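From first to last, the protein sequence lines stand for chains A and B. The C-terminal position of the first sequence is numbered 333 in our numbering, with every residue numbered one higher than the one before it. The C-terminal position of the second sequence is numbered 324 in our numbering, with every residue numbered one higher than the one before it.
Possibly wrong hints are sitting among the right ones.
Unchecked claim - Computed Cβ-Cβ distance ranges for the label pairs, DEER-style: (1) A:Pro129 to B:Leu67: 16 to 24 angstroms; (2) A:Gly155 to B:Ala51: 27 to 35 angstroms; (3) A:Pro129 to B:His183: 25 to 33 angstroms.
No lab work stands behind these hints: they were computed from the structure. This structure is a prediction, so every number in the text was calculated from the model and none was measured. Glycine included, every Cβ here is placed at the ideal spot set by N, Cα and C.
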Amino acid sequence: MLTTSDPPAPVPPGAVTGAAVIETTALTKRYPGGVTALDSLTVEVAPGITGLIGANGAGKSTLIKILLGLLPPTKGRARVLGLDGQRDAEQIRTLVGYMPEHDCLPPDVSATEFVTHMARMAGLPAVAAKERAAESLRHVGLHEERYRAVGTYSTGMKQRVKLAQALAGDPRLLLLDEPTNGLDPAGRTAMLELIARIGAEFGLSVVVASHLLGEIEQICDHLVAVESGRLLRAGSLTSLTQVSQLLLVEVADGPAGRTADLAGELGRRGLEPRPDGRGLLVPIVDEATCDVIRDAVADLGIALGRMEQRRHRVEELFRPADLEVTDGR
Amino acid sequence: MAADATGVIHDLGYQPYTGPRFGRAAVVRTLTGYSLRSAFGLGRGARAKIVPVGVFVLMCLPAVINAFLVARGGTRAFPYDTYSYLVRVVGMTIFLAAQAPELVSRDLRHRVLPLYFARPLRPADYPLAKLVALITAGLIVLDVPLLLLYVSTIVGVHGPGAVWHETVLLLPGLAYGLLWSVVLATIALALASFSGRRAIAAGAVAGFFFLTWVLSEVLGTVATGPGHAVTSSTAAHVAGLVSPFTLLDGVRLALGGTQPGQVPDPGAGWGSGYALLLVVLVAASVAALVTRYRKVGAA
Numbered sequence: 005m006l007t008t009s010d011p012p013a014p015v016p017p018g019a020v021t022g023a024a025v026i027e028t029t030a031l032t033k034r035y036p037g038g039v040t041a042l043d044s045l046t047v048e049v050a051p052g053i054t055g056l057i058g059a060n061g062a063g064k065s066t067l068i069k070i071l072l073g074l075l076p077p078t079k080g081r082a083r084v085l086g087l088d089g090q091r092d093a094e095q096i097r098t099l100v101g102y103m104p105e106h107d108c109l110p111p112d113v114s115a116t117e118f119v120t121h122m123a124r125m126a127g128l129p130a131v132a133a134k135e136r137a138a139e140s141l142r143h144v145g146l147h148e149e150r151y152r153a154v155g156t157y158s159t160g161m162k163q164r165v166k167l168a169q170a171l172a173g174d175p176r177l178l179l180l181d182e183p184t185n186g187l188d189p190a191g192r193t194a195m196l197e198l199i200a201r202i203g204a205e206f207g208l209s210v211v212v213a214s215h216l217l218g219e220i221e222q223i224c225d226h227l228v229a230v231e232s233g234r235l236l237r238a239g240s241l242t243s244l245t246q247v248s249q250l251l252l253v254e255v256a257d258g259p260a261g262r263t264a265d266l267a268g269e270l271g272r273r274g275l276e277p278r279p280d281g282r283g284l285l286v287p288i289v290d291e292a293t294c295d296v297i298r299d300a301v302a303d304l305g306i307a308l309g310r311m312e313q314r315r316h317r318v319e320e321l322f323r324p325a326d327l328e329v330t331d332g333r
Numbered sequence: 026m027a028a029d030a031t032g033v034i035h036d037l038g039y040q041p042y043t044g045p046r047f048g049r050a051a052v053v054r055t056l057t058g059y060s061l062r063s064a065f066g067l068g069r070g071a072r073a074k075i076v077p078v079g080v081f082v083l084m085c086l087p088a089v090i091n092a093f094l095v096a097r098g099g100t101r102a103f104p105y106d107t108y109s110y111l112v113r114v115v116g117m118t119i120f121l122a123a124q125a126p127e128l129v130s131r132d133l134r135h136r137v138l139p140l141y142f143a144r145p146l147r148p149a150d151y152p153l154a155k156l157v158a159l160i161t162a163g164l165i166v167l168d169v170p171l172l173l174l175y176v177s178t179i180v181g182v183h184g185p186g187a188v189w190h191e192t193v194l195l196l197p198g199l200a201y202g203l204l205w206s207v208v209l210a211t212i213a214l215a216l217a218s219f220s221g222r223r224a225i226a227a228g229a230v231a232g233f234f235f236l237t238w239v240l241s242e243v244l245g246t247v248a249t250g251p252g253h254a255v256t257s258s259t260a261a262h263v264a265g266l267v268s269p270f271t272l273l274d275g276v277r278l279a280l281g282g283t284q285p286g287q288v289p290d291p292g293a294g295w296g297s298g299y300a301l302l303l304v305v306l307v308a309a310s311v312a313a314l315v316t317r318y319r320k321v322g323a324a
């Protein structure tokens with residue numbers, strides 16, 4: 005589902021809006037002292053795995069806390085799983101699993117005991133809580149270690165326990181705040197695989213907040229990018245990396261300066277090439293653009309190394325000036 | 026349950042939970058029960074049990090001594106209302122200084138609270154569940170020894186009349202134990218909730234109870250002179266205002282307690298003042314707790 009930065013049509017109160025798991029309308033949060041953490045954020049999050057991407061301090065954690073009903077918004081509205089963020093906060097919290105960014109585990113209890121307790125805090129009866137705790141810990145890959153005190157765990161194991169406690173209450177939606185924090189590369193990969201599996205096999209919707217785009221784009225279906233509390237970009241990963249109206253032209257190995265010659269020649273033929281790495285980016289004017297380039301290359305006697313229609317890279321989300329997204333056609 | 030490392034793991038896949046789910050009230054009750062267990066170190070390592078079990082044994086000692094004396098034909102050695110005042114002051118100070126931080130500082134220190142507040146609980150539910158748990162724990166520490174005292178006494182008396190007489194004396198003693206527990210646990214929990222460092226929280230609780238108690242004793246001694254007789258004077262009544270323990274003792278005397286106490290009988294006038302101050306102390310502590318967690322919950 006496509007998300008937009010424009011306010012959607014007004015939804016009648018109480019209406020369950022089909023597919024979106026999270027919907028915010030002009031959500032604003034100002035902290036006393038004048039810091040604006042969220043600034044008229046309007047975004048819709050579809051089921052699946054969604055990356056919430058932004059630099060530290062962009063408002064990711066504030067958004068998560070408002071979604072959980074832990075913070076009241078200054079203005080605007082949030083709906084989670086079709087429920088009103090303020091009115092139905094308690095019900096939302098039974099349906100949402102939350103993994104905070106920071107350490108949140110007491111060191112003197114075993115993982116089994118802690119996760120069981122947290123499942124009971126989500127309203128599960130004692131026996132069911134025990135079963136689900138064992139199951140969640142198995143899903144995150146903790147086996148015999150789960151009977152040991154959490155204080156003896158490695159960072160990676162602690163992150164798994166944090167994820168397990170979020171899973172144990174059987175949520176419909178998981179909010180994970182920087183789940184790869186403090187992990188080594190192998191641990192990061194394992195955690196990302198685990199999240200991808202939870203999204204794909206468990207059928208849960210997952211929102212992963214992170215400041216590391218390169219890492220969450222591997223597992224996300226959708227991305228929501230925020231900057232200074234404002235929506236920067238949102239959309240499915242394919243729409244964000246869609247084909248652009250640019251041709252990438254690279255000259256095969258040869259005498260230096262041939263790329264510059266080609267740029268000059270293309271300029272004379274009415275195109276506007278600009279250098280990009282070792283090649284040239286040529287905006288597509290019409291259907292004849294490729295032919296013009298072919299003729300120019302042939303006339304100069306250059307060997308053409310590569311010519312392809314370029315896809316946007318997700319990093320360009322953060323360089324909006326360079327982004328020339330089409331409508332995906 | 027043990028997964029064999031060399032065996033085949035049959036992954037049944039993810040199964041959603043379809044059973045019943047309790048509401049907020051039941052979750053709060055569960056948290057209260059869990060906290061009551063941890064107040065006695067249950068579900069924790071052996072080290073966590075040393076203080077609560079040690080204090081409980083200490084508090085039972087007078088009852089045990091009584092059992093010996095009654096078995097040798099003596100009469101009941103300790104009253105039901107004051108029991109052993111010194112043992113109670115020392116025991117409750119140690120118990121609350123150790124266990125109030127166990128209930129609240131631990132979750133603050135390790136930042137477990139966001140996990141609680143991300144569940145159906147409301148911010149005030151958490152401190153109130155902890156408070157009920159600590160009051161109950163204090164009640165067990167205070168009143169179970171009284172029951173032992175009662176049982177060890179009635180096995181030595183003869184006739185239903187004598188047993189009835191003991192029962193009539195016991196009941197106000199149990200109620201007075203509840204009053205102690207409510208007052209002391211509430212103050213202790215409020216003090217402990219302001220620090221995530223267990224040592225600081227324990228020091229604050231122990232310091233408050235012990236220092237006010239010593240101060241009250243000193244002022245009382247100055248007011249009544251070096252003799253042992255507790256005489257009634259305005260200065261002595263004022264000295265009783267300083268410590269929760271002397272306030273409790275004053276209220277006991279004002280309500281008709283028969284045993285001589287640590288403070289002179291305050292009578293109805295000063296007695297209502299003592300009671301009012303206790304109510305203010307408890308109310309202020311509850312308000313501080315709830316405010317504190319409204320703030321922490323939003324952090």
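Consistency of the hints with the structure:
At roughly 20 angstroms, the beta carbons of Pro129 (chain A) and Leu67 (chain B) sit within the given window of 16 to 24 angstroms. Separated by about 30 angstroms at the C-beta atoms, Gly155 (chain A) and Ala51 (chain B) satisfy the suggested range of 27 to 35 angstroms. Range check, Pro129 (chain A) to His183 (chain B): Cβ separation about 50 angstroms, and the 25 to 33 angstroms hint is violated.
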